[in-house]
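Chain by chain, the residues run as shown.
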Amino acid sequence: DARVTQTPRHKVTEMGQEVTMRCQPILGHNTVFWYRQTMMQGLELLAYFRNRAPLDDSGMPKDRFSAEMPDATLATLKIQPSEPRDSAVYFCASGVGISIDTQYFGPGTRLTVL
Amino acid sequence: KNQVEQSPQSLIILEGKNCTLQCNYTVSPFSNLRWYKQDTGRGPVSLTIMTFSENTKSNGRYTATLDADTKQSSLHITASQLSDSASYICVVSEASGGSYIPTFGRGTSLIVHP
Chain A
1 DARVTQTPRH KVTEMGQEVT MRCQPILGHN TVFWYRQTMM QGLELLAYFR
51 NRAPLDDSGM PKDRFSAEMP DATLATLKIQ PSEPRDSAVY FCASGVGISI
101 DTQYFGPGTR LTVL
Chain B
1 KNQVEQSPQS LIILEGKNCT LQCNYTVSPF SNLRWYKQDT GRGPVSLTIM
51 TFSENTKSNG RYTATLDADT KQSSLHITAS QLSDSASYIC VVSEASGGSY
101 IPTFGRGTSL IVHP
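First to last, the sequence lines map onto chains A and B.
Here this note's numbering is used: position 23 in the first sequence is 23, and no number is missing along the way.
Here this note's numbering is used: position 28 in the second sequence is 28, and no number is missing along the way.
Calculated directly from the structure, the hints in this document are not laboratory data.
Hints should not be assumed to be uniformly reliable.
Examples of chain A residues lying across from chain B (beta carbon under 10 Å, computed) [said to hold, decoys possible]:
(1) T7
(2) Y35
(3) C92
(4) T102
From chain A, some residues computed to sit far from chain B (all C-beta separations above 12 Å) [as the list claims (entries may be wrong)]:
(5) Q17
(6) Q41
(7) S58
(8) D63
(9) F65
(10) T73
(11) L74
(12) K78
(13) D86
(14) S87
(15) G106
(16) V113
Since we're looking at a predicted model, the values are computed, not measured.
Note that CB positions come from ideal geometry on N, CA and C, so glycine has one too.
The shape of chain A in the complex, shown without the other chains:
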């Protein structure tokens, strides 16, 4: 059955390194969301796209984070340079709408920045 896939599932890196996380939304879904989850903050919305266009990225630290959708089957979240406080689980979700439609989450990328 259709699922959102994310790669890598786990990433350990050193402070200052670039990190790229990838997401493949469910085929036919035109909305993609990026979330971050930590024990301290819980879930946070970082950014979301509709039809590959960024609609809101106000939840992201602009100086180091960037999100793109090169095509309809790939969304990327990049951190450069990474910092220890970026350690979290990053989730991608996809859906067919924005405000009241069901979002389907991927399994997440667990990022550890040393």
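Assemble the complex: chain A is given as a structure, and chain B must be docked to it using the hints.
Showing chain B alone in chain A's frame:
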């Protein structure tokens, strides 16, 4: 500031028993309220989405209620099963011209013992 408070923080029940989780919010203007189930190490899975006009919505053994006047929601789990052990997250979205502006609760951790 918009807030979502969930209670209790954690709950332990015996298999077969019923339980109710609470979600109080201050989000305004209100658009919708979602309940998610998150198993350990996995992404959240949508249980219900309710808009202003909906009082009750069921999904199998899960029943969510919404009182928009008192800004309270509950998630009732009937005849609990071991697989119900998870974190349950309440997310309330603000109405804003089609934009997605969610506020997340910190979740209730449910453990079902045999």
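Nearest-CB test (12 Å) between chain B and A:D86: holds (19 Å)
Nearest-CB test (12 Å) between chain B and A:Q41: violated (9 Å)
Nearest-CB test (12 Å) between chain B and A:V113: holds (19 Å)
Given hint A:C92 near chain B, where the shortest CB pair must fall under 10 Å: holds (8 Å)
Restraint satisfaction for A:T102 [CB to CB of chain B, less than 10 Å]: holds (5 Å)
Interface hint for A:Y35, Cβ within 10 Å of any Cβ on chain B: Hint holds; A:Y35 Cβ to chain B Cβ min 9 Å, cut 10 Å.
Interface exclusion of A:G106 relative to chain B, criterion Cβ beyond 12 Å: A:G106 not clear of chain B: closest Cβ-Cβ about 6 Å, inside 12 Å.
Given hint A:T7 near chain B, where the shortest CB pair must fall under 10 Å: Violated - the Cβ of A:T7 stays beyond 10 Å from chain B, reaching only about 14 Å at its closest.
12 Å Cβ clearance of A:L74 from chain B: Non-interface label stands for A:L74: nearest chain B Cβ at 18 Å, farther than 12 Å.
Exclusion check [A:S58 not at the chain B interface, CB over 12 Å]: violated (9 Å)
Outside-interface status for A:D63 - nearest CB in chain B farther than 12 Å: Since the minimum Cβ distance to chain B is about 23 Å, A:D63 lies beyond 12 Å and the statement holds.
Reported absence of A:F65 from the contact zone with chain B (all CB gaps over 12 Å): holds (18 Å)
Checked against the numbered hints listed earlier, the structure breaks hints 1, 6, 7, 15; every other hint is satisfied.
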